[in-house]
Amino acid sequence: MTQTDTWTRKHLLTLEELSADEIRFVLDTAHSFKEVSTRSVKKVPALRGKVVVNAFFEDSTRTRTSFELAAQRLGADVIAFTEKGSSVSKGETLVDTARNIEAMGVDVIVCRHQAAGSAQVLARTLGCSIVNAGDGAHEHPTQGLLDLYTIRERFGRIEGLKVAIVGDIANSRVARSDLWGLKKMGAEVILVGPPTLLPKSFEKLGARVVHSLDEVIGEVDVVNMLRVQFERIKSSQFPTVREFTRFFGLTWDRFQKCKPGVFVMHPGPMNRGIEISSDIADGPQSGILKQVTNGLAVRMAVLYLVTQTSGR
Amino acid sequence: MHTDYDEADVRRLIEQLASTIAASFPADRPINVVGIRTRGELLAHRLVELLGLKGYGKVGRGTLDITLYRDDLSEIGPRPLVKPTQLAIQVDDVPLLLVDDVLFTGRSIRAALNLLNDFGRPSVIRLAVLVDRGGRELPIQPDFVGVKLADVPKDYRVNVRLKEIDGGDEIVVEKR
Chain A
1 MTQTDTWTRK
11 HLLTLEELSA
21 DEIRFVLDTA
31 HSFKEVSTRS
41 VKKVPALRGK
51 VVVNAFFEDS
61 TRTRTSFELA
71 AQRLGADVIA
81 FTEKGSSVSK
91 GETLVDTARN
101 IEAMGVDVIV
111 CRHQAAGSAQ
121 VLARTLGCSI
131 VNAGDGAHEH
141 PTQGLLDLYT
151 IRERFGRIEG
161 LKVAIVGDIA
171 NSRVARSDLW
181 GLKKMGAEVI
191 LVGPPTLLPK
201 SFEKLGARVV
211 HSLDEVIGEV
221 DVVNMLRVQF
231 ERIKSSQFPT
241 VREFTRFFGL
251 TWDRFQKCKP
261 GVFVMHPGPM
271 NRGIEISSDI
281 ADGPQSGILK
291 QVTNGLAVRM
301 AVLYLVTQTS
311 GR
Chain B
1 MHTDYDEADV
11 RRLIEQLAST
21 IAASFPADRP
31 INVVGIRTRG
41 ELLAHRLVEL
51 LGLKGYGKVG
61 RGTLDITLYR
71 DDLSEIGPRP
81 LVKPTQLAIQ
91 VDDVPLLLVD
101 DVLFTGRSIR
111 AALNLLNDFG
121 RPSVIRLAVL
131 VDRGGRELPI
141 QPDFVGVKLA
151 DVPKDYRVNV
161 RLKEIDGGDE
171 IVVEKR
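If you read the sequences in order, they're chains A and B.
Residue numbers for the first sequence follow the UniProt record's numbering, so the first one is 1 and each next one is one higher.
Residue numbers for the second sequence follow the UniProt record's numbering, so the first one is 1 and each next one is one higher.
A few of these clues could be false.
To be verified - Which stretches of chain B does chain A cover? Using the computed rule of at least three CB atoms under 8 Å from a CB of chain A, they are:
| hint | stretch |
| --- | --- |
| 1 | 56-69 |
| 2 | 118-126 |
What the hints assert, rightly or not - Chain A side only, calculated, beta carbon under 8 Å to chain B, not exhaustive:
| hint | residue |
| --- | --- |
| 3 | Asp-5 |
| 4 | Asp-28 |
| 5 | Ala-46 |
Stated by the list, open to error - A few chain A positions that, by computed beta-carbon distances, are all more than 10 Å from chain B:
| hint | residue |
| --- | --- |
| 6 | Ile-79 |
| 7 | Leu-94 |
| 8 | Ala-115 |
| 9 | Arg-208 |
Derived by calculation from the structure, the hints in this document are not laboratory data.
Backbone N, C-alpha and C define an ideal beta-carbon position, used for all residues, glycine too.
Just chain A, with the same shape it has in the complex:
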């Protein structure tokens, strides 16, 4: 057995720490799990008897639902934990809360938290598997993996493609996970956004940084539009919504300048008419709903892989 057909990690915390072989392994495993969703009985017993807790300390609909369905399709028992009404709102620390959850015999904690590094802290402290479902503006590894999967599904490869990630880069954990994953898989990444939301320091991570979407729109194979995260942005970082759309929105006029066959992505939820216009989001070159479908297969693969490994 070669290095490329094994997985030994107990946690999934970041894409930064995964090798290209490990990423490829997860994507290949996800491909097999996608087949499960085509069956009349869309369920396998791989995680029968295991308990998965979705601990979401931040609002989320699609990621939480996707993890929940993924765990259920693997036959696991799934518990949803939300901060609202829990001991966290009474002042308990994240680690204490997680320790209490783990003490109930949990095998995996899927954690979303507003603090960058929270998943790493839990992985160091607890004995169960930790899957990072988004830690602050740091990483969102399963979103990165599903984006890679969707691109590979569309083009048959990732290597050699040019991918633009556009918008609010500074606040985006998706942008960081995508950047690490795409770079490792051999794509060229161009980050596009206003200087206030895209510091030049991102160049150090190996990306080309540009401040005008028009400058690169004609040369990219994939354009990944990020949601403008109004809840995170300070007013000084952001021009007016109208100005943002004028310079960085994927409008119909701008879309006409794209390469033929360009692939449009968005991690959702979309601000229609701000970062992306509706006719493009719903058009034939949009992969947005495919991203959602593939997210389920990727999360099934991740839950399966981390639970079957006894190492750290």
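Got chain A sorted already, so can you dock chain B onto it with the hints?
Structure of chain B alone, referenced to chain A:
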């Protein structure tokens, strides 16, 4: 203990297997031949070819990946790649021939039966294996056997090698 079957032996065993199978299923009626990945899948391909030569024209093919149905899933080392199950056939109400290379404890067959159950209800399921090495842990018996090796000790492995992936055909019994 060292029992070897070379390429000619393996070809003869598979041909005998195909003949016994052919005697049990009418050639003009549909049948599905489904192999358990990896070597069961390859044996199933060869059996389908041989059945074709015997006039079987309505043979559906499929491959089962039983990894997710194994009862020792959490005990087997680093994760090998899970591959998809391929059953683009009508499963319901059609006879199904399940094919594997070696029958030992019976646990792989149990997993395969559970997996098949998620796809439909064949009219009948029969089991063909190239080697029955004994040592059953479940009440599962084959219907068609290439060769029966009696009393192979538990610490010995029966390795079926097939030229499609192993470079040549042979059956080797060797110490683990």
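Inset, instruction - Double-check A/Asp-28 for me: the hint is only fine if its C-beta lies closer than 8 Å to a C-beta in chain B. - result: 6 Å, holds
Inset, instruction - Against chain B, does A/Leu-94 hold up as non-interface, every C-beta pair farther apart than 10 Å? - result: At roughly 28 Å from the nearest Cβ of chain B, A/Leu-94 sits farther out than 10 Å, so the non-interface label holds.
Legend entry - A/Asp-5 as an interface hint toward chain B, with CB separation required under 8 Å: 5 Å, holds
Inset, instruction - Mind verifying the non-interface call on A/Ile-79? Its CB should be farther than 10 Å from each CB in chain B. - result: 20 Å, holds
Inset, instruction - Count residues of the stretch 56-69 of chain B with a Cβ under 8 Å from any Cβ of chain A, then say if the count reaches three. - result: It holds: at least three residues are needed, and the stretch 56-69 of chain B offers 4 whose Cβ sits within less than 8 Å of chain A.
Inset, instruction - Three residues minimum, CB to CB under 8 Å: does the stretch 118-126 of chain B make the cut for coverage by chain A? Let me know. - result: It holds: at least three residues are needed, and the stretch 118-126 of chain B offers 3 whose Cβ sits within less than 8 Å of chain A.
Inset, instruction - Grab the minimum beta-carbon distance between A/Ala-115 and chain B and tell me whether it stays above 10 Å. - result: 30 Å, holds
Inset, instruction - Mind verifying the non-interface call on A/Arg-208? Its CB should be farther than 10 Å from each CB in chain B. - result: Holds, because the least Cβ-Cβ distance between A/Arg-208 and chain B comes to about 34 Å, which exceeds 10 Å.
Legend entry - Hint validity - A/Ala-46 Cβ closer than 8 Å to any chain B Cβ: Hint holds; A/Ala-46 Cβ to chain B Cβ min 4 Å, cut 8 Å.
The structure agrees with every numbered hint stated previously.
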